[in-house]
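**Student:** Sequence:
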Amino acid sequence: MIAAQKSRSRAGRPKVEELAERTDALLATTEALLIKLGYERTTLNVIAKEAGVSKQTIYAKYGGKPGLLRAVLQRASENSSSASLAAEDDLPLYEGLLERVRRLINIFRSENAVGIVMISVREGRKFPEFRDEMLRSREQNLLAPLRHYLEHLRARGLIKNVDCGRVASMLLWSVSEELLEVAATGVVPALTVQQIEAKAAFIAGFYRDAITRFGSGPLIAAVQSD
1 MIAAQKSRSR AGRPKVEELA ERTDALLATT EALLIKLGYE RTTLNVIAKE AGVSKQTIYA
61 KYGGKPGLLR AVLQRASENS SSASLAAEDD LPLYEGLLER VRRLINIFRS ENAVGIVMIS
121 VREGRKFPEF RDEMLRSREQ NLLAPLRHYL EHLRARGLIK NVDCGRVASM LLWSVSEELL
181 EVAATGVVPA LTVQQIEAKA AFIAGFYRDA ITRFGSGPLI AAVQSD
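For the sequence shown, full-length UniProt numbering gives the first residue as 1, with consecutive numbering after it.
Derived by calculation from the structure, the hints in this document are not laboratory data.
Note that the Cβ used here is the ideal one computed from N, Cα and C, for glycine as well.
Each hint should be verified, as a subset may be incorrect.
[Stated by the list, open to error] With a straight-line cut-off of 25 angstroms between C-alpha atoms, the simulated DSS-like cross-links for lysine-lysine are:
1) K61 to K36
2) K160 to K36
3) K36 to K15
4) K49 to K61
5) K36 to K65
[What the hints assert, rightly or not] Label pairs and their calculated CB-CB ranges:
6) A201 to N161: 39 to 49 angstroms
7) I35 to Q56: 17 to 27 angstroms
8) G67 to A155: 30 to 40 angstroms
9) E178 to K55: 31 to 41 angstroms
10) L180 to G67: 50 to 60 angstroms
11) L93 to G63: 17 to 27 angstroms
12) L135 to G63: 17 to 27 angstroms
13) D209 to D90: 33 to 43 angstroms
14) T23 to R138: 36 to 46 angstroms
15) R125 to V187: 34 to 44 angstroms
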(Lines of atoms letter the chains of each structure in order from A; the text may use other names.)
(Lines give C-alpha, C1' and ligand atoms only; values in the text may rest on other atoms or scores of the structure.)
Protein backbone atom coordinates (compact mmCIF):
# COMPACT_ATOMS: atom_id res chain seq x y z
CA MET A 1 0.00 0.00 0.00
CA ILE A 2 1.17 3.54 -0.73
CA ALA A 3 -0.39 4.90 2.42
CA ALA A 4 -2.07 2.88 5.13
CA GLN A 5 -3.99 4.23 8.04
CA LYS A 6 -1.31 5.23 10.52
CA SER A 7 -3.03 5.03 13.84
CA ARG A 8 -6.30 4.24 15.53
CA SER A 9 -7.83 5.13 18.86
CA ARG A 10 -7.65 2.30 21.34
CA ALA A 11 -11.37 2.57 21.91
CA GLY A 12 -14.30 4.61 20.70
CA ARG A 13 -14.26 7.16 17.91
CA PRO A 14 -10.97 8.19 16.29
CA LYS A 15 -9.38 11.37 17.57
CA VAL A 16 -9.36 14.56 15.51
CA GLU A 17 -5.64 14.12 14.82
CA GLU A 18 -6.22 10.57 13.60
CA LEU A 19 -9.01 11.67 11.28
CA ALA A 20 -6.74 14.36 9.83
CA GLU A 21 -3.98 11.81 9.30
CA ARG A 22 -6.34 9.41 7.57
CA THR A 23 -7.69 12.14 5.32
CA ASP A 24 -4.20 13.27 4.37
CA ALA A 25 -3.13 9.68 3.69
CA LEU A 26 -6.15 9.12 1.45
CA LEU A 27 -5.51 12.31 -0.54
CA ALA A 28 -1.80 11.59 -0.85
CA THR A 29 -2.57 8.09 -2.09
CA THR A 30 -5.09 9.41 -4.61
CA GLU A 31 -2.66 12.01 -5.93
CA ALA A 32 0.09 9.42 -6.36
CA LEU A 33 -2.29 7.07 -8.17
CA LEU A 34 -3.53 9.84 -10.47
CA ILE A 35 0.00 10.69 -11.51
CA LYS A 36 0.94 7.03 -11.96
CA LEU A 37 -2.23 5.69 -13.61
CA GLY A 38 -4.12 8.69 -14.97
CA TYR A 39 -7.66 9.77 -14.20
CA GLU A 40 -9.54 6.98 -15.98
CA ARG A 41 -7.62 4.10 -14.42
CA THR A 42 -7.65 5.62 -10.94
CA THR A 43 -11.00 4.20 -9.97
CA LEU A 44 -12.56 4.41 -6.53
CA ASN A 45 -11.98 0.68 -6.15
CA VAL A 46 -8.27 1.13 -6.78
CA ILE A 47 -8.08 4.11 -4.44
CA ALA A 48 -10.00 2.37 -1.66
CA LYS A 49 -7.81 -0.74 -1.87
CA GLU A 50 -4.55 1.21 -1.96
CA ALA A 51 -5.54 3.60 0.84
CA GLY A 52 -7.06 0.92 3.03
CA VAL A 53 -10.50 2.49 3.24
CA SER A 54 -13.95 1.57 1.96
CA LYS A 55 -15.66 3.06 -1.07
CA GLN A 56 -18.51 4.02 1.22
CA THR A 57 -16.13 6.18 3.24
CA ILE A 58 -15.03 8.00 0.10
CA TYR A 59 -18.60 8.53 -1.08
CA ALA A 60 -19.68 9.75 2.35
CA LYS A 61 -16.89 12.33 2.59
CA TYR A 62 -16.44 13.43 -1.03
CA GLY A 63 -19.55 12.34 -2.91
CA GLY A 64 -17.55 10.49 -5.55
CA LYS A 65 -14.50 10.81 -7.74
CA PRO A 66 -14.87 14.49 -8.80
CA GLY A 67 -15.22 15.57 -5.18
CA LEU A 68 -12.17 13.55 -4.21
CA LEU A 69 -10.22 15.13 -7.07
CA ARG A 70 -11.25 18.57 -5.82
CA ALA A 71 -9.89 17.73 -2.37
CA VAL A 72 -6.62 16.45 -3.90
CA LEU A 73 -6.12 19.68 -5.84
CA GLN A 74 -6.95 21.76 -2.77
CA ARG A 75 -4.43 19.79 -0.69
CA ALA A 76 -1.77 20.27 -3.37
CA SER A 77 -2.43 24.00 -3.28
CA GLU A 78 -2.17 24.16 0.50
CA ASN A 79 1.07 22.18 0.46
CA SER A 80 2.57 24.54 -2.09
CA SER A 81 3.19 28.24 -1.56
CA SER A 82 0.13 29.33 -3.52
CA ALA A 83 -1.77 30.34 -0.39
CA SER A 84 0.81 33.07 0.27
CA LEU A 85 0.24 34.68 -3.13
CA ALA A 86 -2.51 36.83 -1.60
CA ALA A 87 -0.49 37.95 1.44
CA GLU A 88 -0.99 41.65 2.13
CA ASP A 89 2.66 42.47 2.72
CA ASP A 90 4.27 45.90 2.53
CA LEU A 91 6.97 45.04 0.00
CA PRO A 92 7.67 47.56 -2.77
CA LEU A 93 5.94 46.82 -6.08
CA TYR A 94 8.82 45.06 -7.84
CA GLU A 95 9.94 43.04 -4.83
CA GLY A 96 6.40 41.88 -4.13
CA LEU A 97 5.86 40.81 -7.73
CA LEU A 98 9.25 39.08 -7.82
CA GLU A 99 8.46 37.07 -4.70
CA ARG A 100 5.17 35.86 -6.18
CA VAL A 101 6.65 35.01 -9.55
CA ARG A 102 9.30 32.91 -7.80
CA ARG A 103 6.60 31.03 -5.92
CA LEU A 104 4.62 30.42 -9.08
CA ILE A 105 7.65 29.11 -10.95
CA ASN A 106 8.33 26.65 -8.13
CA ILE A 107 4.69 25.54 -8.18
CA PHE A 108 4.60 24.97 -11.93
CA ARG A 109 7.93 23.12 -11.97
CA SER A 110 6.96 20.71 -9.20
CA GLU A 111 6.66 17.02 -10.07
CA ASN A 112 3.05 16.81 -8.97
CA ALA A 113 1.97 19.89 -10.93
CA VAL A 114 3.58 18.49 -14.07
CA GLY A 115 1.89 15.14 -13.50
CA ILE A 116 -1.54 16.75 -13.15
CA VAL A 117 -0.97 18.84 -16.30
CA MET A 118 -0.08 15.72 -18.27
CA ILE A 119 -3.30 14.03 -17.13
CA SER A 120 -5.25 17.11 -18.21
CA VAL A 121 -3.68 16.99 -21.66
CA ARG A 122 -4.37 13.27 -22.09
CA GLU A 123 -7.79 12.98 -20.53
CA GLY A 124 -9.29 16.45 -20.14
CA ARG A 125 -11.55 16.18 -23.19
CA LYS A 126 -12.70 12.68 -22.35
CA PHE A 127 -13.50 13.53 -18.74
CA PRO A 128 -15.02 17.03 -18.51
CA GLU A 129 -15.24 16.75 -14.71
CA PHE A 130 -11.43 16.56 -14.53
CA ARG A 131 -11.07 19.62 -16.77
CA ASP A 132 -13.68 21.52 -14.79
CA GLU A 133 -11.95 20.80 -11.48
CA MET A 134 -8.61 21.90 -12.95
CA LEU A 135 -10.12 25.19 -14.07
CA ARG A 136 -11.84 25.66 -10.72
CA SER A 137 -8.58 25.02 -8.87
CA ARG A 138 -6.73 27.48 -11.10
CA GLU A 139 -9.30 30.17 -10.38
CA GLN A 140 -9.54 29.53 -6.65
CA ASN A 141 -5.92 28.77 -5.77
CA LEU A 142 -3.94 30.88 -8.24
CA LEU A 143 -5.97 33.58 -9.98
CA ALA A 144 -8.00 34.72 -6.98
CA PRO A 145 -4.96 35.12 -4.66
CA LEU A 146 -3.04 37.04 -7.34
CA ARG A 147 -6.06 39.26 -7.99
CA HIS A 148 -6.40 39.91 -4.27
CA TYR A 149 -2.72 40.87 -4.03
CA LEU A 150 -3.01 43.30 -6.94
CA GLU A 151 -6.10 44.84 -5.37
CA HIS A 152 -4.03 45.29 -2.20
CA LEU A 153 -1.39 47.11 -4.25
CA ARG A 154 -4.09 49.33 -5.69
CA ALA A 155 -5.39 50.09 -2.18
CA ARG A 156 -1.84 51.08 -1.20
CA GLY A 157 -1.71 53.48 -4.14
CA LEU A 158 1.13 51.65 -5.89
CA ILE A 159 -1.01 50.96 -8.96
CA LYS A 160 -4.06 52.83 -10.17
CA ASN A 161 -6.33 52.25 -13.15
CA VAL A 162 -5.61 48.54 -13.60
CA ASP A 163 -7.93 45.59 -14.19
CA CYS A 164 -6.50 43.36 -11.46
CA GLY A 165 -8.25 40.24 -12.75
CA ARG A 166 -6.87 40.64 -16.25
CA VAL A 167 -3.35 41.36 -15.04
CA ALA A 168 -3.46 38.36 -12.70
CA SER A 169 -4.47 36.10 -15.61
CA MET A 170 -1.76 37.47 -17.91
CA LEU A 171 0.88 37.15 -15.20
CA LEU A 172 -0.13 33.56 -14.53
CA TRP A 173 0.13 32.62 -18.21
CA SER A 174 3.52 34.33 -18.50
CA VAL A 175 4.94 32.30 -15.64
CA SER A 176 3.41 29.00 -16.79
CA GLU A 177 4.51 29.22 -20.43
CA GLU A 178 6.87 26.27 -20.11
CA LEU A 179 3.95 24.04 -19.18
CA LEU A 180 3.17 24.05 -22.90
CA GLU A 181 6.54 22.44 -23.51
CA VAL A 182 5.88 20.02 -20.66
CA ALA A 183 2.53 19.11 -22.20
CA ALA A 184 4.20 18.42 -25.55
CA THR A 185 7.24 16.51 -24.30
CA GLY A 186 6.40 15.31 -20.80
CA VAL A 187 9.70 16.74 -19.60
CA VAL A 188 10.29 19.81 -17.42
CA PRO A 189 12.85 22.08 -19.13
CA ALA A 190 16.15 21.95 -17.27
CA LEU A 191 16.93 25.36 -15.76
CA THR A 192 19.66 26.40 -13.38
CA VAL A 193 18.91 28.43 -10.26
CA GLN A 194 20.38 31.44 -12.06
CA GLN A 195 18.12 30.93 -15.08
CA ILE A 196 15.04 30.61 -12.89
CA GLU A 197 15.98 33.78 -11.03
CA ALA A 198 16.59 35.62 -14.30
CA LYS A 199 13.19 34.51 -15.61
CA ALA A 200 11.49 35.65 -12.41
CA ALA A 201 13.26 39.01 -12.50
CA PHE A 202 12.32 39.60 -16.14
CA ILE A 203 8.64 38.78 -15.63
CA ALA A 204 8.39 40.84 -12.44
CA GLY A 205 10.10 43.79 -14.12
CA PHE A 206 7.91 43.56 -17.19
CA TYR A 207 4.68 43.64 -15.19
CA ARG A 208 5.95 46.36 -12.89
CA ASP A 209 6.59 48.52 -15.93
CA ALA A 210 3.34 47.53 -17.61
CA ILE A 211 1.06 48.35 -14.72
CA THR A 212 2.83 51.55 -13.73
CA ARG A 213 3.63 53.06 -17.13
CA PHE A 214 0.73 51.76 -19.17
CA GLY A 215 -1.90 51.16 -16.51
CA SER A 216 -4.31 53.59 -18.16
CA GLY A 217 -3.98 52.05 -21.62
CA PRO A 218 -6.44 49.67 -23.27
CA LEU A 219 -4.31 46.57 -22.64
CA ILE A 220 -4.80 46.30 -18.89
CA ALA A 221 -6.91 49.28 -17.92
CA ALA A 222 -9.99 48.66 -15.85
CA VAL A 223 -13.22 48.91 -17.79
CA GLN A 224 -15.33 51.68 -16.32
CA SER A 225 -19.04 50.93 -16.40
CA ASP A 226 -20.20 54.41 -15.47
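**Student:** Compare the structure with the hints numbered earlier in the document and write down the numbers of the violated ones, lowest to highest.
**Tutor:** 2, 3, 6, 10, 11, 13, 14, 15
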